[in-house]
Every structure is written in structure tokens, then in C-alpha cells.
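Sequences listed follow chains F and C, in order.
For the first sequence, position 143 matches number 1023 in the working numbering, and the numbering has no gaps at all.
For the second sequence, position 101 matches number 352 in the working numbering, and the numbering has no gaps at all.
Simulated from the structure, these hints should not be mistaken for laboratory data.
Among the clues, some could well be false.
Unchecked claim - Distance windows between CB atoms, simulated: (1) Ile282/C with Ile901/F: 38 to 46 Å; (2) Gln1133/F with Thr404/C: 35 to 43 Å; (3) Val910/F with Glu557/C: 32 to 40 Å; (4) Thr305/C with Trp916/F: 38 to 46 Å; (5) Gly405/C with Trp916/F: 15 to 23 Å; (6) Ile282/C with Ile1151/F: 40 to 48 Å; (7) Lys424/C with Trp916/F: 53 to 61 Å; (8) Arg355/C with Trp916/F: 24 to 32 Å; (9) Ile907/F with Glu455/C: 36 to 44 Å.
Stated by the list, open to error - For lysine-lysine, the following DSSO-like pairs were computed, each having C-alpha atoms within a straight-line distance of at most 27 Å: (10) Lys940/F with Lys413/C; (11) Lys412/C with Lys940/F; (12) Lys312/C with Lys504/C; (13) Lys460/C with Lys940/F; (14) Lys386/C with Lys582/C; (15) Lys424/C with Lys412/C; (16) Lys312/C with Lys368/C; (17) Lys582/C with Lys940/F; (18) Lys413/C with Lys504/C; (19) Lys940/F with Lys422/C; (20) Lys940/F with Lys368/C.
Stated by the list, open to error - Taking beta-carbon pairs under 7 Å as the criterion, some of the chain C residues facing chain F (in silico): (21) Gln420; (22) Pro431; (23) Asp484.
Backbone N, C-alpha and C define an ideal beta-carbon position, used for all residues, glycine too.
Given next are the chains, with one letter for each unit.
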Amino acid sequence: MKKTSEKIIEVLLASSGFITILTTIGIIWVLISESWGFFAEIPLSDFLFDTQWTPLFTEKHYGILPLLTGTFLTTIIALVTALPFGIIIAVYLSEYADKKFRATVKPMLEILAAVPTVVYGFFALTVVTPFLQTFIPGLSTFNALSAGIVMGIMIIPVISSLSEDALYAVPKSLREASYGMGATKFQTAFSVVVPAASSGILVAIILGIARAVGETMVVAIAAGQQPNLTLDAREGVETITAYIVQVSLGDVQHDSMEYKTIFAAGITLFIFTFLLNNVSYWIKKKYQERYE
Amino acid sequence: MTDAGNGQYLCIKFFKATYMKPIFQVFLMAIAITIVMSSCGSKDSSGENKNGETKLQGDIKIDGSSTVYPITEAVAEEFRVDQPGVNVTVGVSGTGGGFKKFGRGEIDINDASRPIKSQEDSICKANNINFLELKVAFDGLAVVVNKQNTWITGITVEQLKKIWEPAAQGKIKTWNQINPAWPKEEFHLYGAGIASGTYDYFTEAVVGKSGSSRGDYTASEDDNVLVQGVSGDKNALGFFGLAYYEENKDALKLVSVDNGKGAILPSVETIKNGTYAPLSRPVFIYVTQGASKREEVKSFINFYLENAASLVPDVGYIPLTTEEYQAQLTKFQEFTGTK
């Protein structure tokens, strides 16, 4: 027999949980219903295979490929920057560093994560690009490289923090067995502990990717505003997120074709991040048991 | 954990490590008390400012063209010295973006680098918004290239059309396609975005039809973005208001435009006497009748027209003649019924 006050609190808490579910459903509903109108007019093959994205101008092309390569290029550069640093920092903090060092460095890493992304974007445009221009020929003001590098710096805390938690969770017995076999600290760290924590590290990487894919401000400021189908990182590109910002800040009519392109781009982005989050959840669930 | 969730988690850990410490909270309290006390103490509650005019209070919302923005912002800055109680905010959504808000009654004044279109006019009428158009200055559109561009000094309107017309999209990509003497390298275009009045004006003057342009260029309603782009890219070609070129002279190279009567560089003289054609144009502000009934808006517009002759050249634009400003002032006074 529950008291009424207990029941009321239970209902309130349940409804709070419910609100998050409802919000997600609401977002999915809006995305699907608005892009329905888009896909009714533009055939899916055009959307997926056309090499130009110019829905706002006279000659309209609706190929998502330039925006996809923009997102893809900046994300890959971000990963290449963040992955080595993130994992090395994680290994050092978990295997080598003493308690005092950990206590100082960990909060500082978290500061990197707390810097507003618009500041990162500005930093990329005004500091990183001129610096890179001194030794890379043909680097334009808006380019994928600076934006990618700065995004990498931004996701280092994500990768290092989660990887470190994964490394920490590896049982001590594995390390001790390795030392018992005569391995050095380095060999233990990279040949035993890191492979043992690989599922957690993989999850950290995937979340880092998801963060980079959804990043808007850094790329809108530093990577450019022209959809460009290229793999050359020195050129300006536009990502899906930057396009959505560009159109939303402008002057398109509600319910026009240009308006619907926002939702088509949005649903593509949503599908990607949704898939990434689900893959990471599945990996965590499936592989975590093996090493516990 | 989702990426946003993880960011929050890290922020919360940081927050707890620093902001939750008691000494920090005492510090914050001390700052808060100081702020509250100082804001209570220093309000000047006398009824007149130093010029002897009555002190006004209120908000004025301005939005619209990034071309007209420097003029309006310069006027607003001077106005704030005179009337610190009036809060003037100036946005940069582009002429078209500004007219959207104007038509819904969300802003009081719209900066416009082109006259209002008939569709925008109908929307205003449908929402019962009467407005007044006031000419405030002349502007020239500068065609610019990167400082390292050694091959171009002048361009004809025909060549500009060949570069910017819709048919050029995806096909006209290299300098030598325009002029065989130029190198066989890809050019990168920078220009106004579709919400920009500059875009409407440029396409009408160069391509022949307003809004008709190729789509594969870096489009932005913010001219500063275009300045950044052109100054950092050797193969860049862009267009924006002359004032933005004047501000960034050392990073950009000006190109003369030939419309059949000879190559003309934009300058105060050539725009004023009309020889820099077709890329010179008047720029406007539009004010709603509802807004102009408010004392602070009346005061602002009067201030604008009275001081434009001196402020406009300061920011790199071409002022109208004193008689023309007087005529605009009279027009405004008749509009508000104070003549």
C-alpha cells in the first residue's frame, strides 16, 4: 500500500522521463513530415548522386554529396588529430602518471571541453589558418584543414576521458600477470591493457565522431560556406550543419522548396548520428562482457 | 552516453571542482552585491541630457542590409552619446531578411541596399504596416581580387555576366575561359548571399535579372566574411560595398569596371557623378508608421538625417547633397505629421 504522496512523486518522475522520449519522438516526427514533402518532389537518386548542391539559386541542384564530403572531410581530419593525442593522454594518465599529476591535468582537460565552440571557430579562422598558410601553399582562408584540426582539439577531452575510464576498468590482475611475465610498462600498457579496453576505446572514438559530425560553429566560421565536392583539405567546404545555419539565418519562405532542404539535410544528419550512437551502444553491450 | 551528455558530464565535474567551493561562492556573492549596489546608485534621474533636450527612454530595433549597417551603426553610436537612455540595436540579416521582419512588424527600421520589392510591399499592406522610404547615401559595388592577383586590372560588365550568370554554374571555372590572356587556374568566387540587397542589385545590374546567379560560390550576407575570404585566397574574385574595400585596402586589390565607356574605378567622385555604372546605387532606410509615432524613433531619424552628411563619408560611403538630406527630412516630418 503506497502512500499518495509516494505515488504522486512516482508519477512526476515517470512523466519527466516521458518528456525526453516525447521530445525525441517529436523531433523525429517533424524531420520526417517536413522532408516527406522534399522527397516527394526530388527523386532519391538525385539527392544521393547529384554532385552539386545549389537549392537557393537559379539552377537548382539537390545532390547531398558535396555537403556529405564536407562533413566527412572535416570529421576525418578531426579524428586524425584527436585519436593519437586522446589515447596517449589516456594511457599516460591511467598507467604512468602519479595521483597529483592526474588531479591537476584532468580538470584542465575538461576545460578544453568547456570552451564555447564559437570561440574555437574564431580561433581556427584567425590563428590556425594564418599559421598554416605560412607553410602550406594554396591554403585558402576558409579551408577544411584548420577547421578539422581545431575540431580535433575540441574532441580530445571526449576521447581521452572515456578511454581513460575504459582503461581504468581493466582488472589489475591482467597487468600483474603481464609484469609477472617480464614485460616492461610500455609493453604492458600497449600490448595488454589497451587491447583489453578496446571496446571502451572504440565507443569513445565513435562518440568523438558523432560529436564532430554534429559540430556546427567551428565549421560554419572556419571551413567555408560553399558546397564543394572535393577531398582536398586546403579548399573551403560546407558541412551539412553549416548549410542548415546558412539557410536558417537567411530569408527563405516557409514551406518553399528551399525551406524543405533544411529538413532533408537535417534528417540525413540525424540518421548518421543516430546510427553512430546506436553502434556505440551495441558495441558496448556486446563486447564489454568478454573482459570482465 | 551521447556526445552532448558527455560534454555536460565533464562540465559538471569541472563545475563541482571549482564553483562549489565555499570560498568561491563567497567571492561570487561579493561581486553580486557590488553590482547591485552600483547599478542602484548611479542612475541619473534628471529629466534632461546635456544638450537640454528631454531625455528619452526606449528601444529601437533595426535590422537589414549589411551594406547600410556601417552607416546606421555609426549614427546609432553618436545617438547613444546624446540619448543614453535609448537602446538601439542593429542587426545584419540582409535586406531581404530585414524586410521579412519589417513586414511582420518585428523591427522598427529596415536598412535596405535596394528598394522594397512589390511582394514585400504587399506583405506590409496585408499586415497594415505603413512605411516610409528614406534615401540615406550612395554606394558603389567594388569588384575585388586578392593582392597576389597580378593578371587582372580591369573587367568588363560582359565578362562579369559570363562569370556570374546561372549558365556558368559548373561550367565556367577558370580565369582563361573569361580572358585567354589570364592563367588557366580555377577562380573562387565570393559574393552576397540571397537575402542580401547587394545580391539582388548585383544580379540585376550584371546578369540582367534580379536574383539570377550561379550557385557555386561562397555566399554570405556578412561582407566581413567575404573580405576574409578574398584576402586569403590567391584566386579569389568577389564583390561587396565599396566601404568594405576602403576598410581593408591593404589586403585587397580593386578592379576597374568597364561598361563600354571605359574602365572606371569606384571612388567618391565616380559614384557621385554616375560614371561608375552600373554598379552604383542609392541605399535606404525604411521606417514603419507605428514606430515613427514614438518619440525616440522620431528623434533617431531626425538625428540620422541631420548628421548623415558628416557621418556617411566617415564610414566610406557617398553622402547625398545637403538639399537632398533636407528634402528627406521634410518627407519624414510630413509622414509623422509634425510639419
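Within 27 Å, alpha carbon to alpha carbon, are Lys412/C and Lys940/F?
At roughly 19 Å apart (the allowed maximum being 27 Å), Lys940/F and Lys412/C satisfy the hint.
Hinted pair Lys312/C and Lys504/C, Cα distance within 27 Å:
With Cα atoms ~35 Å apart, Lys312/C and Lys504/C exceed 27 Å; violated.
Trp916/F and Arg355/C - C-beta distance against the hinted 24 to 32 Å
holds, 27 Å
Under the criterion that the straight-line Cα-Cα distance not exceed 27 Å, is the pair Lys386/C, Lys582/C satisfied?
Measuring from Cα to Cα gives roughly 11 Å; hence the hint holds.
Would the pair Lys582/C and Lys940/F pass a check requiring their Cα atoms to be no farther apart than 27 Å?
Answer violated: Lys582/C to Lys940/F is near 43 Å, above 27 Å.
Taking only the CA atoms, is the gap from Lys413/C to Lys504/C under or equal to 27 Å?
With Cα atoms ~21 Å apart, Lys413/C and Lys504/C stay inside 27 Å; holds.
Mind checking the alpha carbons of Lys312/C and Lys368/C for me, to see if they're no more than 27 Å apart?
holds, 21 Å
Do the alpha carbons of Lys424/C and Lys412/C lie within 27 Å of each other, as the hint requires?
Roughly 13 Å separates the two Cα atoms, so the pair holds.
Is the hinted pair Lys940/F and Lys422/C satisfied, with a Cα-Cα distance of at most 27 Å?
OK: Lys940/F and Lys422/C at ~14 Å, within 27 Å.
Against the range 38 to 46 Å, how does the distance between the Cβ atoms of Ile282/C and Ile901/F compare: consistent or not?
holds, 41 Å
Go ahead and decide if the range 15 to 23 Å is satisfied by the Cβ distance of Gly405/C to Trp916/F.
violated, 51 Å
Pair hint Lys940/F and Lys413/C, alpha-carbon separation not exceeding 27 Å:
holds, 18 Å
When held up to the earlier numbered hints, the structure conflicts with 3, 4, 5, 7, 12, 17 and 22 and fits the remainder.
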